[in-house]
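**Q** Could you build all of it, start to finish, from the sequences and the hints given here?
2 protein chains.
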Amino acid sequence: MSDEREKLEIEAAKLVTALENEDFEGFRSMFLEQHPYDQAKIFVKLEQEERTKLYHYLSPEEMAALFENIEDEEYNYEMYLSEMDPRFASQMLEHMYADDAVDVLNELNKDQVASYLTIMDDEAAQEIRELLHYEEFTAGSIMTTEFIAIIANQTVKSAMHILKHEAPDAETIYYLYVIDEDKHLVGVISLRDLIVSDDDLMIGEIMSERVFSVSVGEDQEDVARKMRDYNFLALPVVDFQNHLLGIITVDDIVDVIDEEASDDYSKLAAVSDVDSIDRGPLSAAKKRLPWLVILLFLGMLTANLIGQFEETLDKVAILAVFIPLIAGMAGNTGTQALAVAVRRIAMGDLEEGGNLKIIAREAGTGIINGAVCGFLVIGVVYFWKHDFFLGLLVGISILATLTVATIAGAFVPLVMHRLKVDPAVASGPFITTINDIISILIYFGMATLFMQYLI
Amino acid sequence: MSDEREKLEIEAAKLVTALENEDFEGFRSMFLEQHPYDQAKIFVKLEQEERTKLYHYLSPEEMAALFENIEDEEYNYEMYLSEMDPRFASQMLEHMYADDAVDVLNELNKDQVASYLTIMDDEAAQEIRELLHYEEFTAGSIMTTEFIAIIANQTVKSAMHILKHEAPDAETIYYLYVIDEDKHLVGVISLRDLIVSDDDLMIGEIMSERVFSVSVGEDQEDVARKMRDYNFLALPVVDFQNHLLGIITVDDIVDVIDEEASDDYSKLAAVSDVDSIDRGPLSAAKKRLPWLVILLFLGMLTANLIGQFEETLDKVAILAVFIPLIAGMAGNTGTQALAVAVRRIAMGDLEEGGNLKIIAREAGTGIINGAVCGFLVIGVVYFWKHDFFLGLLVGISILATLTVATIAGAFVPLVMHRLKVDPAVASGPFITTINDIISILIYFGMATLFMQYLI
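Protein chains in written order, with this note's numbering: chain A, 1 to 455; chain B, 1001 to 1455.
Any given hint could be a false lead.
Pairwise CB distance ranges (calculated) [as the list claims (entries may be wrong)]: (1) A:Val415 to B:Glu1311: 44 to 50 Å; (2) A:Lys110 to B:Glu1136: 48 to 54 Å; (3) B:Glu1009 to A:Pro290: 43 to 49 Å; (4) B:Glu1009 to A:Phe297: 45 to 51 Å; (5) A:Glu50 to B:Tyr1453: 40 to 46 Å; (6) A:Val415 to B:Glu1083: 39 to 45 Å; (7) B:Glu1181 to A:Gly204: 43 to 49 Å; (8) A:Glu9 to B:Lys1420: 21 to 27 Å; (9) B:Val1293 to A:His386: 21 to 27 Å.
Rather than coming from a laboratory, the hints here were simulated on the basis of the structure. These figures come from a predicted structure and were not determined experimentally. Beta carbons: idealized from backbone N, C-alpha and C, even for Gly.
**A** Structure (structure tokens):
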């Protein structure tokens, strides 16, 4: 990797020099040889003055290819657009795939969007306006309208002719969607099947009528799952009357899968967004501090709870020794059960047996784990402190705590899922606190009850 | 989702009935209408008797399409293969894409592999043998050899002719790779470009000579990253002399991204594999218990450490109240810093400044977070316990603990990365224990030092 990065940096340095020397030809020949993804990587590192020159050196179409490849984390679309001549900017947006243009426009305020759409070509503006309506995280919000639709009543040869004509503008040409006169989706044919078919065959004869499609309001995670399971390169998007509205291509789905996974991961780690780049300690602190403050106050609750048992603690100070062990084990088992439940929900893998079955299984798991750990603890404490009752107390606490904490870890996300709240939100603070409280109540409750055996 | 699942279950019931009634025609017409992914879903739920019938009802080629779609988690390849007639099984393996066949064979022992390869067509056996050599998790292990390679010195028309001929067997037809007489990779042309080009143009004129490729030993995560960043549908795989060996298609990469993400997630949650399906409490316990036992013994270390301060605790029992708060906050900040570092390493996003810069930034983040949380604690404890010195002790402990824990959270995965150990392994037990120990040493150390202000 580092070799490639080095090479890119050398190229970038050369390009900056070309910009500084106003070497139009030299810059263009070097820059356009780069893949648009690398162009974007270089672009975001330029100074404003250099960027302004670049806008004059590239065509709107070339700029569009670059702009499509700016990564989400680095976006500063508004700033870049404001640096461009408005006409250049809207021509660039016109040349972008509609779904990518919509991503950019979603970062601007309404007035800015309206002004770019006004100076844009009417047809492109209309397409973008329609896409802007769809809610975030739905199929509609990630689909594009640059697909190839054909009618069934024509030959392979004539379909190939249409394909040749439309290929330069379509986001994918590897599936052709077949529609009837009312734009209902009635079939699909892959380019592979088209190519191996005889020129004179009719599309209606060779198309597949069993078309997989997603509905425009469907959650993007569900779309991603379908695409992954069935290995499609694109999926058509339809409304409730089966009108073909757009397509979703596999590259967008790769991004969705990536985002969703790191979203779950971020929440488990209690960081607002693990993947955004930190510019310095302040921006990193801003991302983590809100969680820490919540956790701090929840921790105070736990401290307060222990405070209730101060009398017990005063008499048997050694009890304090095992607090982190018991609370820690409760936190660990809870996190395990939670992570399994969250992933299962995210992957749509909830078994038929329903939630009760899951809870029952988690209870079983908790008892097994609790029993094993409990016995180990009794043994270790006995040999270490030569105090059988203390060992018994800690061991039974571990058994009870692990059982309850495991159930809680699975129960909370399932309930949140039922309540249509993203279960991953529960990961950090909730489970840890609930389990801290449970473990301390069990441990000190038992210690207070059986005090006479401990002193 | 549940509608679709219901539909699939109804279909499955009908198919089982057809199998039971030995309705050959009815079964085939219904079954082959299903997408191979759904066929696989139905297949894995059948009883052995039904499966045996199914092997007789389907051709090796039809069975191959189904077999390619059995999900990793559900695999029981060995059992299925042993139920088939050996000749049928090896014909099926022949019809599978080579990379998928290799996945299946990797689950068998050497003798079994050898016996299937012996009865297989020589050419197919040779291809599979070569792929079996590559190490797991490398580009070689996920590539396939069913690609289309052409020479530069021919017209578009003749390339299209080759394409039509080879399309049915190739895993992707959307990129044609151009090689010289020694099989060196010299160019690439997308089907899109081929289709819009005039028939009489030469491939050498229109191909792109700037081919992105990956080396056969490259890590599959690096390959996935490239494919995601550059939005390729396939990438060619070459050896160190730039000979074209195979291709990797986007569907395999989607699986890699998915696996890697859930692998990191599993390790953060200290579960061996969050995504494998639990059949019952015992299998779930088996996945989690090893981690819990490790954590238990590490927890004992912490308990032992607190035990060293028993004298201090005896005098000031209230100190125990804040143990879970301080240890918990250390654990939380450590997990945050760790999660950020692990993801950054996984995404190849390590900044140029190097590790020192990251550590310095984390130290800054830790101090900011520690200062904010520390001041909050001083205030809360003062109002709650009316004890300024206790508040000061807890507050300063939080400041010191958070700073050190944040640094540790980033430092450990960076060191592991340097030592070529997967940094995600550190997630669970390590960081938590290190931070427990750090926080207790700081808290009780200070309490013991400043004892006179507390009593």
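**Q** For each hint, tell me whether it holds in the structure or not.
**A** Now the hints, each set against the structure:
1. A:Val415 to B:Glu1311: 44 to 50 Å: 45 Å, holds
2. A:Lys110 to B:Glu1136: 48 to 54 Å: Holds - the Cβ-Cβ distance for Lys110 of chain A and Glu1136 of chain B, about 52 Å, lies within 48 to 54 Å.
3. B:Glu1009 to A:Pro290: 43 to 49 Å: Between Glu1009 of chain B and Pro290 of chain A, where Cβ atoms are some 44 Å apart, the hint holds.
4. B:Glu1009 to A:Phe297: 45 to 51 Å: With Cβ atoms ~47 Å apart, the hint holds.
5. A:Glu50 to B:Tyr1453: 40 to 46 Å: Because 60 Å falls outside the window, the suggested range is violated.
6. A:Val415 to B:Glu1083: 39 to 45 Å: Because 43 Å falls inside the window, the suggested range holds.
7. B:Glu1181 to A:Gly204: 43 to 49 Å: 44 Å, holds
8. A:Glu9 to B:Lys1420: 21 to 27 Å: Holds, since Glu9 of chain A and Lys1420 of chain B (Cβ atoms, about 25 Å apart) stay within the stated range.
9. B:Val1293 to A:His386: 21 to 27 Å: Holds - the Cβ-Cβ distance for Val1293 of chain B and His386 of chain A, about 23 Å, lies within 21 to 27 Å.
In terms of the numbered hints stated before, the structure departs from hint 5 and from no other.
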